[in-house]
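Visitor: The primary structure of each chain is shown beneath.
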Amino acid sequence: MMTLVLNRLIISVPVLFGVLLLGFGLLILVPGDPAIVMAGPMATPEVVAAIRTEMGLDEPVLTQFFRYLGRMAEGDLGRSLISNKTVISELGAAIGPTTELMVACLIWSIPLGIALGTLAAVWRGSITDRAIMAFSVAGVSLPIFFICLMLIHFVGVQWRLLPFIGRGGPLWTIDGLRHIALPALSLGLIFIGPVARMTRSSVLEVLRLDHVRTARAKGLSETRVILRHGLRNALIPVVTLVGLQAGYLLGGAVVTESIFSYPGIGRLAVGAILSSDFPLAQGAILILALAFILINLIVDVLYALLDPRVQTS
Amino acid sequence: MKMEEVDIGTTTEPLLKVEDLAVEFHVSGTVQRALQGVSLTLQRGRTLGLVGESGCGKSVTSLSIMRLLPQPPGHYAGGRIVLEGRDLLSMPERDMRVLRGGRIGMIFQEPMTSLNPVYTCGEQIVESLTVHSGLSSKAAMDRAVELLDLVGLPSPKERAHDYPHQLSGGQRQRVMIALALANDPDLLIADEPTTALDVTIQAQILDLMTDLRERTGAAVLLVTHDLGVVAQTCDDVVVMYAGGVVEQAPTKALFADPQHPYTIGLMAAVPRIDTTVDRLSTIAGSVPPPWVKIDGCRFASRCPLADDRCRSAVPPLREIGPDHAVACWRAPIEETTV
Ligand SMILES: Nc1ncnc2c1ncn2[C@@H]1O[C@H](COP(=O)(O)OP(=O)(O)OP(=O)(O)O)[C@@H](O)[C@H]1O
Ligand code: SF4
Ligand SMILES: [Mg+2]
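Chains as they are written, first to last, in our numbering: chain A, 1 to 313; chain B, 1 to 338.
Bound conformation, chain B alone:
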C-alpha cells in the first residue's frame, strides 16, 4: 500500500457520505417513495452494517451508491451521495463507470445467478481487470488466478477455467468477492452476501470478508438483516426503517445503549445474538407501505412512545452522543421507559 493512502486513512473526511437520499419508483402511474431521506457515513477502512426489515430500502440504498438503480422505474428524487467530496448523483455516466468495479466493488445476494453462465470465472474477472487497468489479457489472467487464490478457492488455476455452474454456491460467492476486489476498491458494498448460503458457508464467507478488509484496507458497507453478523463484523451500524435511517451508531454503543424505540424493540426481540431483524414482526403493527404518505415519524403507528408531535412532524436525525445519531423526538430515552 502506498504512503499517501495511509495518510488519507487518518484524516477525518469520510470516504462515503449519503445525505438525505430520496428515491422514488414510478410504477403504473403511482409514485412510491422507497427512500425518504437516507443519511449515513462510512469512514475509510471501517465496516458499516446496514440493517432493517425486508423491504425497508437496504438494496435500493446500496444500488444507488453504484448508481445502478433501474431507471425507470427508479428515480433519484433528492439528496447527495458523496464519495471523497464528489457527488455521485451528478457525475457523468463515463466517470461513474470508472468508479464501478474500480474504486467501488459490489457483491450481490444471489451467488447462483450473479455470474454470467457462458463465461469462465477467470474470464469474468479478466474482463473487469482489462477494462479498468488496461492489463494485457495474459497478465490479467495471472492476476485473476491470484485473486481466486486470495479468496481461498482451492486450485485457483483450474477454477479460473471453470464455468460458474461447475462451482458450488459458496465457491461462486468467493468468485464474486474476487471480482469485486479485482481493482483494489476503496469501498466494497456487500448486499446480503451470505443470505443465500447455508450456515457453515456463511461463517466462512464472513471470515473471509473480515480478513480481506484487514488486508486490503477497503471500507465495507455490509447489508444484512442478521444482527449476529453485525455484532461480529461491523464497526458501525445504520438501522433503517421504512425507507429512512432511524439510528446510526458504533456497534458497541448501539448494542449497549440503543436509542430509537425501533432499535430498542429490535434488541428486545433478540434475546440471543444470532437472530435476524425480521423477527421484528414481533413488534405490534406493520410497516407502512411505501405509497402511503406520512407526515410525522414513520414508526409512530407501532411506537409505544408516540405522541401528537410524532404524528405531525418528521423527527430529524440528530446527534445524541459521540457518533451516535437518532431520528426520534423522544431520544435520548431512559432504558426503563420502553
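Here chain A stands alone, though its shape is the one from the complex:
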C-alpha cells in the first residue's frame, strides 16, 4: 500500500510541473499587463515601467520562469494585485469552504448514485430502471448553471426555504448547513448521473459472473447475493469513475461557487481571472490541480482497498 501511494506521488510530479508551466503561461499569454493592473488606471507610463522592472517582467521569459519556480518552491505565491494580501492567505481562507462544499456534495450524491444504479440494475428493463436512467441522463446533460438557477428560483426565491447567497459558517452549525444546502444539492445533482449509470452497468456485468452463481449455490438470499457478491465487486470500477469525474466536479464547483457567491477556491479563481489578478489566479489554479491530484490519490488507495488483487500481486 505504501509503495502504491509512493508510486502515485512520483507520477504526480510531472503533472504538477505541467500545472506550474500552465500557471506561468497564463501570465505570459493572456492579454492584460499585470503591471498596468497593479499600477491602477491613473498611473503614468513611468510608474508602470517602474513596476514592471520591479516585478521582473522585462527580463527574458526563461529567467522569469525559473524565478517563478524558485518562488513556488519556497511557498511564496506572491501577493494579490487587488487586495495586496498574500496569495497563500487568500487561498487558505477559501480552501476550507471549498472542502466543505465537496464533502457536502459527495456525502449524499455518491451513496444515492450507487443505490439508484444498483436498483436500476436489479430491476433492469422495469419502469423504475427507466426512470432512474432518465433522471441520470438529465443530470448529466443539464448544464450546472441551469440547475443552480432553477434551485435558486424555486427553493430560494419563490418558496423561501433556503438561503442562496454566501456561506453561513462552518458545516457543523445550522446556519452553515442551511447555506451550503443549495450549492451542495446543485453540485451533487450533476454527479449522481454518472455514478448511477456506472453502478448499473457494473452491477449488471458482475451479476453475470460465475462467482455469483456460486453465491446462489451457497443458499444466500438474493439481497445478500446482490449486495455482497454483486455490488461489492461492482464498486471497483465505480471508484475509478469517481476519480475520473474529479475534474468535472472541480469545474462544477467553480460554477456553483460563483453563482451562489460561495467564498471558495472556485469563486476566488473566477474573480482573480476576471480582474486580471494573475498571482491569485495562478495560486487558485495550482490549488485546484493539487486537489485533482489528491482526489486521484485517494481513489487509488480506495481502489487497492476494494480489490485485493491490486494489493497482493
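No lab work stands behind these hints: they were computed from the structure. Treat the hints with care, since some could be wrong.
Calculated from the model, a selection of chain B residues having no Cβ within reach of chain A, i.e. all distances over 10 Å [to be verified]:
no., residue
1, 24
2, 41
3, 138
4, 214
5, 217
Label-pair ranges, simulated between beta-carbon atoms [to be verified]:
no., chain 1, residue 1, chain 2, residue 2, range
6, A, 290, B, 155, 41 to 51 Å
7, A, 5, B, 77, 55 to 65 Å
8, B, 146, A, 174, 49 to 59 Å
Note that the Cβ used here is the ideal one computed from N, Cα and C, for glycine as well.
Using the hints provided, position chain B with the ligands relative to the given structure of chain A.
Guide: Then chain B with the ligands, alone, in the frame of chain A:
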C-alpha cells in the same frame, strides 16, 4: 454419523429422482428445448455419472436440480425433481435456499472464476456456514480451516486467509469442494469438476472426491464427458443425448453390455478407457439442434438401426435388466447387430 442416517441409507427410496424433466430456453422469440424429458435416479451414498456430448444438457440438468437455471431465458416446462419425496420445482424459494449449500452442495467446472475474488477463501466458506448453521464467525472460521484441511490443502490456516488469486487452479477447486461440503450435504453435484485442470491435478481431485464420498456418505452426481472417469469413479451411469436420457445402468453393466445404439457407438469409438465422449463425433452425422422439433427418436438420423417406427414415435425409457433402462425401440440388442 447419526444412526438414523445409516438406516435411511439402507432403504430403497432413492435420494434423488428426476422424472421427465423438460427445460426450455426462450431466446429472441424462439423456444429451444434443452431438455426433453430427462429421467434419472440417484441412490444414497452412490456416485452417478452423467455423460454425453457437449451441449446435450448435462449442465442444464445439474443446475436444474439446484433450481439455479437463469430464468429467463430458462423455463421449467414439465417434469419433477424429487429429493426425498419432495418436488423441488414446486418448492417455495425460501425452502430451496435452505437446500442450496445445505443438503445439496455444488462444484462447478471453472475453478478460476467460481470464487469471489474480493473475499478470502476462508470468508467464503464461513459465509456458507453462518448462513446455514448459525455458527458464530469464530467457530465457523475454525470449521472452515478444518474443511480446507479435509480437502488436502497444505497449511490450511494460512490458506484460509488467502484470496483466490493467490491459489492455483487445483487449489481453488479444492476450496470449491470444501465450500460444497461445508454443511455436510447429502448430495454433491459436480459439473465437470476436473475439465479445466491439467491431467495430474485431475487425478488428484477425483481421488479426493472418491475419498470424501466414502468419508461423508454423500451421494455424488458427477457430470463428465470422460468415460475413463466414469469407469473409475461411478457406481451408475446415465447417458444423455440431445437433451434426453438414452440409457441408465450400473457402470459395470453399461461397459459390459451397452444397449442403446448411441452408447454402443460410444464404446466402439473408445478403444481405450481414457477417452472422452466428444470422440463420438466419429459416429456419422451430427446432433440435431435444440430448435428442431423431432417426432421420433432423436438419434434416428445417426442410428444404423433406425426404422419407420423410430422416426415416428419417441422410444420411452424402459427397464430391460436389473437397474438397466434404455430408450430404444430395438433394445435389447444383440452385440453383433451394430
Ligand atoms: N442460458 C442459456 N440460454 C440459452 N440456451 C442455453 C442456456 N444454457 C444452456 N443452453 C442450451 O442448452 C443446451 C444444453 O446446454 P448444457 O450447458 O447443459 O450442455 P452440456 O451438456 O453441459 O455441455 P458441455 O459439455 O459443453 O458443458 C445447449 O444447446 C445450450 O445452447
Ligand atoms: S429407437 Fe430406433 S433410431 Fe432410436 S436408437 Fe433405437 S433403433 Fe436407433
Ligand atoms: Mg456443461
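Visitor: Would you mind marking each hint as holding or not holding in the structure?
Guide: Hint check results:
no.: 1; hint: 24; in the structure: holds, 20 Å
no.: 2; hint: 41; in the structure: holds, 23 Å
no.: 3; hint: 138; in the structure: holds, 20 Å
no.: 4; hint: 214; in the structure: holds, 23 Å
no.: 5; hint: 217; in the structure: holds, 21 Å
no.: 6; hint: A:290 <-> B:155: 41 to 51 Å; in the structure: holds, 46 Å
no.: 7; hint: A:5 <-> B:77: 55 to 65 Å; in the structure: holds, 57 Å
no.: 8; hint: B:146 <-> A:174: 49 to 59 Å; in the structure: holds, 56 Å
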